[in-house]
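Protein chains in written order, with the working numbering: chain C, 1 to 313; chain A, 1 to 537; chain U, 1 to 302.
These are calculated hints, taken from the structure and not from any lab test.
Honestly, I wouldn't trust all of these hints.
Here are the computed distance ranges between Cβ atoms for each label pair [to be verified]:
hint : chain 1 : residue 1 : chain 2 : residue 2 : range
1    : A       : Lys429    : U       : Ala81     : 55 to 63 angstroms
2    : U       : Pro63     : C       : Leu95     : 49 to 57 angstroms
3    : C       : Leu92     : A       : Ala202    : 20 to 28 angstroms
4    : C       : Leu95     : U       : Pro205    : 39 to 47 angstroms
5    : C       : Leu29     : U       : Ser113    : 21 to 29 angstroms
6    : A       : Gln58     : C       : Gly75     : 38 to 46 angstroms
7    : A       : Thr59     : C       : Gly171    : 44 to 52 angstroms
8    : C       : Leu179    : A       : Ala290    : 30 to 38 angstroms
Only a predicted model underlies this, so the values are computations on that prediction, with no experimental measurement involved.
Built from N, CA and C at the ideal position, the CB exists for glycine as well.
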Amino acid sequence: MLSYFIKRLAAVIPTVFFVSVMIFSLQQLLPGDPAVILAGEDQDQNTVAYLREKMHLDEPLPVRYGYWISGVMRGDFGESLRIQQPVRQLILDKLPVTLQLAAMAMMVALLIGIPAGIVSAVAKDSAWDYLANIFALWGLSTPNFWLGILMILLFSVTLGWLPASGYVSPGEDLKENLLSMIMPAFVLGNAIAAVLMRHTRSAMLQVLNADYVRTARAKGLKENKVVLKHALRNAIMPIITLGALEFGTLLSGAVLREQVFSIPGFGKLIVDAVFNRDYAVVQGVVLFTSTVYIVLNLLADMAYFLVNPRLRG
Amino acid sequence: MSILPRRLVAAPIDLSVPPWRATSRTSRGAPLIASISVVAAALLLFIVSFISFSASAQTLRIGLAEDPDVLDPTLARSFVGRIVFAGLCDKLFDIDEKLGIVPQLALSHQWSADNKVLTLKLRPGVTFHDGEKFNAAAVKFNLERHKNLPGSSRRGELLPLTSVEVVDEMTVKLILSAPFSPLLTVLTDRAGMMVSPKAAQANPDSFGSKPVCSGPFKFAERVAQDRIVLERYANYWDKSAIHFDKIIYQPIIDSTVRLANLRAGQLDFIERVASNDISGLKAEKKFNVASITELGYQGITINTGKSDMAQKNPLGRDARVREALELSLDRGGIVQVAADGEGEVGNQWVAPGSTYYAKNVPVPKRNIARAKALLKEAGIPNPSFTLMTPTTSDGQKVAQIIQAMAKEAGFDIKIQATEFATSLNLADKGQFEAYLLNWSGRADPDGNIFSFYACKQPLNYPGYCKPEVDALLNKSRSTLDVAQRSKIFEQIAAEVLKDRPIVYVYHRHWLWAYNKKLAGLRTIPDGLIRVQGLKMN
Amino acid sequence: MNSRAHSTVSGPLNGATVVTASHSDAPGRRAWRRLVRRRGAMLGLGFVILFIIIAIFAPWLAPQDPVETSWSAIRKAPSAAHWFGTDELGRDVLSRVMWGARASLLAGLVSVSISMALGVPIGLLAGYAGGWTDGIISRLTDSALALPFLILAIALAAFLGPSLINAMIAIGVSATPIFIRLTRAQVLAVKVEDFIEAARAVGNPHWRIALRHVLPNVLPPLIVQSTLAIAAAIIAEASLSFLGLGQQPPAPSWGSMLNTAKNYVDNAPWMAIWPGLAIFLLVLSFNLLGDGLRDALDPRHK
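Just chain C, with the same shape it has in the complex (with noise of 0.2 angstroms):
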């Protein structure tokens, strides 16, 4: 067992390696010129001349790759050109706003799913199980940004019980932080709520079937105890290792949601920079993204290794 959770650490390595490059490499597909893109409406000469000197455009790739990996390695993840700060304040600065985020977006997501997929398994193809699967699927078919703009008109417009948008850090006020992350947290959530819906159902249905739940049932146990006690601790675990998982995407992933609420988060950071061709930023915070992702994955696989060791062989 030792031998294989090595192997999987040793194994992060070449996976934060290749994200490198591949990040690195993506970039040069998007078309475009970046030091023309950042030399903004004016188009000075001068500026577009300074900023590609100053990206090493005009160097071969690998080289400029060296450049940027030998930098990495030494905590430096270069400078936004386009507002003149440097890439790792801009990872802290964002870090716990993403993260708080996250964290609330997947409880959102688990107190949602979870029981949906449950009452959609026990109660199959009954009235309950298509309701729960239009609740859940509503959240995962319906644009988000549609969704956050219509819950802003309500909440916060006609309402009044919730701030439209902008984020307020928890040191400076921690009820208006708290309320000024309800909407982009269920937003969030509602969609990733109906990916564990359709997996907690799937899972549910698996173990429903199975020799020991059969036998409890036999055993004369009451369903309901059956189904939350036997049953849900055997389908969890696959659930938690989703989230697990779901929760390193969320990092990144929450682009247009960020958007519409104005949640200064990583995703919108990076799409930002992406159309700003702020290369800087881009490759800085889709390396830190990924590794955090890489971990998390690989958390969730030492844990589901634990508990099945069917895997093992």
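Following the hints, complete the assembly by docking chains A and U onto the known chain C.
Using the frame of chain C, we list chains A and U on its own:
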């Protein structure tokens, strides 16, 4: 806690404890719980009142349509950044509602007889946010920084400036290689902004992340894509005009969300309201709406000589086809449909209301018959071309309207929605046939034409190059007299608008919506928000 | 959107269900009979077929030309003349929804087919071969999964050039790693089962074992995954067309219609309701159908 007489501490709780919980007071632990809750409640009340106090009347919250770029006037490259600069950095001059030049950090100016030396008298008693004095040496430092800092975007605007001479503490001479009529107007914008020489020298590589200027507000904090916070500068030279302690600029990209924030009371002011929201806002009467004709324009830039693609397409090859395209457009209809009437039709680089509008070339009326005749004459009754369009919803709307209108004259337009960075690059390389492009505009018409029509200039995407036009453009730069300059612009218009490398369509309105209580707003055509005189009633 | 596609990363979980499929009498027909018995699946199938019919016959079914503008009928609420109302350029929303079904259905089906066509064989290879092959494929898959989906899709689509078909390819390729991983995980679980051992013992060649015995057991979670991925792909197409990398204006797709509509939430909500409803119904139908298929193909769930 025990030092306090029990009654005193417990007394206020009577008011706050609901009747159904009153019994709990009789239990033994009650006094302690009561006192803790009182303290907690008091603390909470204090915090809440503190927050609501600090967040109320004294703070101005402005919703921006984009996230500004670097906040260094020398390096800054975006329109939206200029809105923040309006609160942060004073300039040598400013413009007023009618584009007249008014003093700001410079009190007066004097041209030499040959128009090659500009002498400025500076405002005394001005300090930068770090306490440093503003004087002639600071002006010299700043103008030289604009010219020499690597990556400066101001160099082109100050090209004819050869040197700056300090005459005395409060007098400075700008020495030019040739007369340059746009200079004063240029000094009303970023090229005229003054930063603290000491701070700029101390932080050469990161000055833009912590700018130190001399404007009414000083830089406090910036969280990228979230907010820029400015705080009132206590020693501002015109402090009686400042009525806020703090300004928070918040970029909120989506116009619907920006408006929702205003409606929810989270913002006091939003810029660039979507035109389709205006009639509703006006009817509601809860907010004030301001509408200002922009200095820029929305137009179709046509590749007439940037690359060999120009010759391969009838539109780029034949001026008659371009004229037919212009005649096929119902400009009034475009403004109505695309901008709900919030815009001004135009056929030139400045709006028809401008002093410099060339009256010899009026806006042509739509004429499908004539357009068809022209196409027939050119031998191409059904020309086809690709219109490169920004991915913004406004851009796509305008493109689709143009497509439908031009179809009636026989044009077959393909729309190619192209993300901005890509489109700039394609335009730069001449890899386009026509490009729907808008320009945010400059106060002096020179900023709207020189770089677009003079040979080999960076914004000359049509690839237009005519020695006689170049000569006229240069002449307009060296002529200071407004009437004479207008004549030159008429000559340029007669030439360029016949060739039509750019078909101008309309001038948008800057649309602002703001809290009814906000007073003192000035509507200056550059679309920037002047904070002087603004107050909340 | 990106989180959606990623969210489908179920990794090794998704219950390593093992289906001891009996490959005796016409399994296809038995599965079909099981499918027919399921009301939800039939309902889903019905809707999917309906949407396909609408997409194919849009030119005849649509009451108006979807790109025909009318300056006098801008943002008009639903009426007898325009059942679904009109959009910002006076075009008939009903006709646009019908024509938009083409782009959106294609975006969903083609891109998921691409993901499956690439992901399943690679996953099978990795899981079945093991060793170095597996090591390299898995590391690359992990790396690709770690990148934000939208960034991957944008870069690919931008590289391929703007068109609907290229957008589908980009979405399909970007979603492939998930399918590789799912397949591989399921193969690993199945590989050690007795019936595989038995097949090996009687001297079946590897390709036959992989295709005939392993593949059928891998399908159930892949079906769940595909139905979710279709939704993600339809929405991703919207994002790409918003960036000028998908369907080009004025041709409609549901996603691009929604994108435009969000600017008119206040004064023309019908512009968003109909394409939104269409996406929802289609995604729901695919998921109901997927549920049915999954159960029908899995003999343990009767």
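Structure-based check of each hint:
no., hint, result
1, Lys429(A) - Ala81(U): 55 to 63 angstroms, "violated (47 angstroms)"
2, Pro63(U) - Leu95(C): 49 to 57 angstroms, "holds (53 angstroms)"
3, Leu92(C) - Ala202(A): 20 to 28 angstroms, "holds (23 angstroms)"
4, Leu95(C) - Pro205(U): 39 to 47 angstroms, "violated (52 angstroms)"
5, Leu29(C) - Ser113(U): 21 to 29 angstroms, "holds (23 angstroms)"
6, Gln58(A) - Gly75(C): 38 to 46 angstroms, "holds (41 angstroms)"
7, Thr59(A) - Gly171(C): 44 to 52 angstroms, "violated (18 angstroms)"
8, Leu179(C) - Ala290(A): 30 to 38 angstroms, "holds (31 angstroms)"
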